[in-house]
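Just so you know, the protein sequences line up as chains A and B, in that order.
Just add 401 to the spot in the first sequence (first one is 1) and you have my numbering.
Just add 901 to the spot in the second sequence (first one is 1) and you have my numbering.
Mixed in with the good hints there might be a few duds.
[Stated by the list, open to error] Here are the simulated DSS-like cross-link-like pairs (lysine-lysine), alpha carbons at most 27 Å apart as the crow flies:
id, chain 1, residue 1, chain 2, residue 2
1, A, K526, A, K478
2, B, K1117, B, K1168
3, A, K526, B, K1168
4, A, K522, A, K622
5, B, K1122, A, K522
6, B, K1122, A, K526
7, B, K1069, A, K435
8, A, K526, B, K1069
9, A, K622, A, K435
10, B, K986, B, K940
11, B, K940, A, K478
12, B, K940, B, K1117
[As the list claims (entries may be wrong)] Here are some chain A residues pointing at chain B (derived, C-beta under 8 Å):
id, residue
13, I483
14, R543
15, L547
For the record, the hints were derived by calculation from the structure and aren't laboratory data.
Where is the CB? At the ideal position from N, CA and C, for every residue including glycine.
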Amino acid sequence: MTSAESETVLEVRGLRAVRGGAVVIENGCFRIAKGEYAGIVGPNGGGKTTLLQTILGYHPRTEGEIFLFGQPADRFKDWQRIAYTPQDAIHFDEQFPLTVRELVSLGRVRRSNLLRRLNGKDWEKVDETMELMGVSEISERRIGQLSGGQKQRAFVAKALALDPELLILDEPTSGLDASGQESFYKVLGNINKERGTTIVVVSHDLAAVFCRMTQVICVNKYIHQTGDLNVAERLLRGAYGNHFRFVMHGDCECCCVPEDV
Amino acid sequence: MFGDLFTLLGMSFFQRALIGGCLVSVICAAIGLFVVLRKESMIGDSAAHISFGGIAVGLLLGVQPMIMATVFSVAAILGMDFMKKRGIAQSDSAMAIFMAMGFSVGLIAIGLSNGFSISIMDYLFGSILTISGSDLAVISVLGIAVLSAIFILLKEFIAMTFDSISSKMNGIPTELLSVLFNVMMAVTVVLTIKVVGIILVLALMVVPSLAALQLKTSFRKTLLAAVMFGAFSTFTGIIVSGMVDLPAAGVIVFTDVAILLLLVAYKHLGKEPGNAVPPIKETKTFRT
Ligand SMILES: Nc1ncnc2c1ncn2[C@@H]1O[C@H](COP(=O)(O)OP(=O)(O)O)[C@@H](O)[C@H]1O
Ligand SMILES: [Mg+2]
């Protein structure tokens, strides 16, 4: 095994996933190396959520292989190294009595501190992670009273509280305005650079994906991956359909427009 | 009247009732908060109804009815959980099956014995004022065991109740803890039967928590408030029933509901509309 291979955090080969009798993912292959900031894009219903659920074992795979940190997913035990925030995470029961700080502290609850209280180091980490995600000022607010963007940040803080090596987020910016999305992906970028956390994020914000991320994975039943922006447009057409043109202008903007406009 | 109260407070049956009643209410409210948040209130109610079968069979066979009720209640809660997880029946169907079984077995047992209808009434409507020393001993031992488990596993139970997927990823044995929680709930149901009877178990479980949830505060404060509301209502209920000769169970639950309604009214008078009492009748399947 070469060192490049040993640094593969996530690899999927020949994956097929079926949902309600229909094939949702067909012959899917991609690979994400350590330290990557990868964006998963694709139309609604394209299978992005199903792909993540299959990788994490919440949805059965019909065919193919999945490797997490080089180990086959069925034999993988070290789930603590991965943090996952599902698409519907912020649609929790608003009556649930938790403050932001309590929510983030739940991220530190793990096997090794079973039967013990969270200690000083745990709370230090909780406060540090809240600071990082910009939710320190609202730490005593109840999570049911937060805005969409604050909820998203609080949930990512919870996911980061255990210093995962791989952070997987499913559409974490739905419900955020453009500037909210922009700053959210910037914060993720900083975490990726400073902590070396590998990040895989499903996003509809193509500008953020193309400007900030190092890998683009297009999912629309078939999976295509590229680290090269020049190839990305072709992939996006494959995913969203040929009648879209992807207009890149400036450094950091991208929009997709129907071709006859 | 207050002279009566001091005489009552000096009597050992009354002291037992106060101690046992308040202890049970504390456990019941603590478990109840998780039950409400897991949207499993109806499971607690089913367990209470199934206990009826256990009590009747216990009386028929001459086995301590509370022990038989515990066996029935634990078996039923684990059975319902098993059926739900294996996809044999949906949560509400599983509850209906076990409730039907428990109650019908109870009625048959009563029919076979045709003699203990008076003592069965105590179990239907509660009989905290007739609590014996050995009852209090059972309540104390089981109650303290349940309370310690909640205390020791508090952060795990909160984490699992809020988000069992992440808890499982972090290596928490969610399946095992889920079984443990269910057993604790079953035991609590049986202890509560002694205080308010089968029919009002659900009230004692969920009403203090629903009231505490109105405070909109942190988890730990909500839990503390639920426990205090529960203990206060039971204390008040037993005192009042001792003084004016009303059924304790009725006064206890009435006090609980009064606290809830006062809090709801206070909130809706002062603030924006739309924060209704959370629904308690749904049941939701949780991944463990
Ligand atoms: N619970 C479900 N049961 C049946 N089909 C589903 C379910 N969830 C999603 N699907 C179907 O699977 C396909 C992929 O959905 P999903 O993975 O959620 O896509 P995406 O996350 O890319 O929007 C869609 O066609 C959707 O209709
Ligand atoms: Mg999705």
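Starting from the hint list further up, note which numbers the structure goes against and sort them upward.
3, 4, 11, 15
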